[in-house]
Every structure is written in structure tokens, then in C-alpha cells.
Amino acid sequence: MKIILLSGGSGKRLWPLSNDVRSKQFLQVLESPDGRKESMIQRVVRQIEATGNADGIVVATGEAQAGYVKDQLGKSIGIVTEPCRRDTFPAIALSCSYLASKGTDPEEPVIVMPCDTYADDSYFETVCHMAEAVKRGDAELILMGITPTYPSEKFGYIVPEKGAKGDGKALPVERFTEKPDVKTAGKLLEEGALWNGGVFAFRLGYLMNIVEKYMPGKDFKQIHTDYEEFPKISFDYEVVEKARSVGVLPYAGEWRDLGTWNTLTEKLPSTTEGAARLHDCENTHIVNELGIPVLGLGLKDVVIVVSPEGILVSRKSDSEKLKSLL
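The sequence shown begins at 1 in my numbering and counts up by one.
Hints in this document: simulated from the structure, not taken from any laboratory. Zero decoy hints are in this set.
When the alpha-carbon atoms are kept at most 25 Å apart in a straight line, the in silico DMTMM-like pairs for lysine to aspartate or glutamate are as follows:
1. Lys37 / Glu309
2. Lys75 / Glu49
3. Lys187 / Asp236
4. Lys165 / Glu190
5. Lys242 / Asp105
6. Lys232 / Glu212
7. Lys70 / Asp257
8. Lys213 / Glu82
9. Lys218 / Glu238
10. Lys323 / Glu63
11. Lys165 / Glu241
12. Lys162 / Asp236
13. Lys165 / Glu125
14. Lys218 / Glu82
15. Lys154 / Glu241
16. Lys179 / Asp236
17. Lys70 / Glu273
18. Lys213 / Glu228
19. Lys179 / Glu254
20. Lys221 / Glu82
21. Lys70 / Glu49
22. Lys267 / Glu125
23. Lys300 / Asp318
24. Lys154 / Asp236
25. Lys162 / Glu178
26. Lys187 / Glu254
27. Lys213 / Asp87
28. Lys154 / Asp181
29. Lys213 / Glu140
30. Lys169 / Asp105
31. Lys221 / Asp87
32. Lys321 / Glu273
33. Lys218 / Glu140
34. Lys218 / Glu108
The calculated label-pair distances, taken between Cβ atoms and stated as ranges, are:
35. Gly291 / Thr225: 37 to 45 Å
36. Arg136 / Lys300: 46 to 54 Å
37. Gly310 / Gln28: 15 to 23 Å
38. Lys300 / Lys37: 24 to 32 Å
39. Ser270 / Asp120: 19 to 27 Å
40. Lys213 / Pro269: 44 to 52 Å
Backbone N, C-alpha and C define an ideal beta-carbon position, used for all residues, glycine too.
Could you put together the complete structure from these sequences and hints?
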């Protein structure tokens, strides 16, 4: 199987104050099994490689972040750079075109997944099962459904067909619901709904047929040049909701979306990173990449991030507003 890692979304940036904008997915603040520090993207690639099933990983990212990918992951990882930001469907379409240009078999299963997910190894075993479901032909499109732990407003929901039994295969999907209110989310849980974790699997040829509708007869180089001709739309809206058959494989292990500073701090090994100190603080974290010292006094539920790109001081509960503000 081939794996496309989506990296460098605008909501993942700290602050757009320089041309050398870097996603926090490249911050080496997580603890690896050997006790050293690793970034989100290094962790995900390490876990993928541990399965021994991926014969190719491609990272879809912005041009400004390609250097960070090479520095952290090495030259063996394929990199597809977006000429401009066009949402997840164009990014995935461009990446699939890249795979096709490298001679990948149209029948090859392709997995698309975010690189800011924190999960245990069974998550990546489920990814392998998704590839197997594609090969079996369980559905045109296979999704991973995260078993919810509470009625959340932050995630979309996948509702399997009522009474469906997988028997080792993907469950057929009845419908999708985008980020409902808490009351509606509670009702969805009663129906056996799953969180949409943003992980998709399909045959390369299936997606390339869709690409052909927008870029008829064009190769990867031409598609890259004409990238702005793609509609600015998400993969969910352009592909998932239009698919004739969709299946879902449930995953019930540890899973966290580290897309906000609040969720990222929950997985940091210490409350301070870099030249930082806290005094009389509660549930407060400082991540400091600069040499100047940062001191937090009497703070509660706060995250402070100091980098060459800018400084963020936020209540943790408000950190998810960063994307809309930027």
C-alpha cells in the first residue's frame, strides 16, 4: 500500500509572520520510545514503518515546509509540494498524480491520513486492514471510524447502516453528519455513529478517474502547473459524499487529534520546553524555541508558545480559535 500524509494545514501553523513558516507538526516535543524527542510527523512515520506494510510514503505539504520534511524524515520519503493552498481534495489529487507518475499500479491501495494524530500501534494495524478491505472490494472508499468517548461537537460522524455486521469486513455507511451540537451528537452515539478520523483508503485508479474529470489528459507536471484550476474543496465533500459505496472500519484504541495547542500539550512529557519556568501555575505549558527565558507566574489553563515565527499566549480552551483568526 501507499500512504499519503497530509501536512502543513494553515490551522497547524503558529503564526504567519515570516516566509519560513513551519507547522507545529515539526516541533520535536513528543517523547519517543528511546527517550529522545520527536515531532508529530516523525512519530507517525515511525509507526507506519513499524507495520512493515507500507512500500511508499508521500508527504503532501507546502513549499515552505518541504525542507523540514527532508531534514526530519530523510530523502527516502516522497514529497509533493502544493503551489498554493486549495484544501484537501486538490492536495490528495496532486499526490495521487505523483504516485501515478512513479508507475504505481492503478489497483494499488492508497491510504490518506493526517500527520497530527496521536494513536497507539493498533491504529496503524487498522490502517493495514483498510488496505486489505480495498483489495477485497468491500467498497469503493474505506474510512476509519473512531469509537467516540463522548458526544463531541468538534468531529464529523459516520453512521453505519443499522444492524450491519462487518464479519471482518468494512461496515456499509448509511450517512455522514458534520460537527453536530452536543444533543445531536448524543443521539448519533445511540445509533452507533463513529467519529470521522480523516483516514481514507481507495484504489489509486479510483481517485485518478476523478482527477481526470478536472485535468483531462494531464500528467503530474502539468497538474502541478495548473493546480489552481482545482476547486477549493475538501476531500469529504468532493469525494466521500459522492461515492457510490463507502465502508467504515471501526478503531477503538487511543486516538487524539493534536491539531490544537490544547490537545498537543496533553501529550507533552513536561510542562516546559526550552528556556522556560513556571511558578505557582496550574495546567499551564510553555514551549519556547528561543534563547531568551520565559517565566510564567500565577497562570491557570494557559499555553505560551515562543518561536521565531511569533508568540502565542492563549487560554487552552481558546487555542482552537487560532485557525479562524489567522
